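Residue numbers (full-length UniProt numbering), protein chains in the order written: chain A, 1 to 148; chain B, 1 to 148.
Since the hints were made in silico from the structure, they are not lab data. A few of these clues could be false.
Copies of one chain are not kept apart here, so a pair can be met inside one copy or by any two copies together.
In silico SDA-like cross-links for lysine to any residue, where the CA-CA straight-line distance does not exceed 25 Å [to be verified]: (1) LYS109 to ALA120; (2) LYS109 to ALA36; (3) LYS109 to THR35; (4) LYS26 to SER104; (5) LYS26 to PHE72; (6) LYS26 to LEU134; (7) LYS109 to GLU38; (8) LYS109 to GLN39; (9) LYS109 to PRO45.
As the structure is a prediction and not an experimental result, all values here were calculated from the model.
There are 2 protein chains.
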Amino acid sequence: MSVDTAAIETVNQDFYTAIEDADLDKMTEVWAEDTADEQVSCVHPGWTLLAGRSEVLRSWALIMANTTYIQFVLTDVSTTVLGDVAVLTCVENILTAGEEGESSFAAGKVVASNVYVRTAQGWRLWMHHGSPVLQSDDDEEEEDELER
Amino acid sequence: MSVDTAAIETVNQDFYTAIEDADLDKMTEVWAEDTADEQVSCVHPGWTLLAGRSEVLRSWALIMANTTYIQFVLTDVSTTVLGDVAVLTCVENILTAGEEGESSFAAGKVVASNVYVRTAQGWRLWMHHGSPVLQSDDDEEEEDELER
């Protein structure tokens, strides 16, 4: 693993730890700054696109305020470094708790694409796109259809 | 609009035209080549992640074979050029027709993040991530929750 890849995957882990710990300060640190013309962007599963640092961080504050317990186990982490930009894809295996007082847990699977940019402060998150996996991993059905 | 942005948005338009026209040759041209270590990736709405040119193009062949009619109207197109990489986000307003013989149409909204890389042949698609918008654009409810 290259030095860059290791550094990017560390920041990526910080990103998910920030959600787990409801740590908005850490989350603020993970995201890149908007530039004069261009804005960071974030898509939560099932949401439309949010653009700009303030809108994105506001959404995380909202999610943190409304989450009792959340845990991420990342699988299929794959990082491509393209100069000063990196594309990291992963599967978020999520365990969440229900409302306070309830003892229910729910499990879910989200596929995420995260784009990081190299800055003077290190790699920072430029884009996060998470989407719900509604279809099973088993693609035998697709293969059958294709062969018809 | 910069020369790069114009070129990227042209390729992005080619990408959606290829889907509309069920033109797998054009689709093949739009996607970047895998490198020795790294692979292109694609997430269709509700699907899990597909990695590598052959798996990705195979999924498009499958979608094209199973689509009678599809039309994209893109809105909120926003392009950020970061050196030799560009992140383009847009909303795909989709109109599809039902099975052959039926006269039903369905409308849907997908939010997409597309990452393009600069190659000797021009800008090529490195990653496409499309996800269903399940929540309305109206975020007044969220604001109310946040203010509580």
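Query raised in the report: Of the numbered hints stated previously, which ones are contradicted by the structure, given in increasing order?
Result: The structure conflicts with hints 1, 2, 3, 4 and 6, although it agrees with all the remaining ones.
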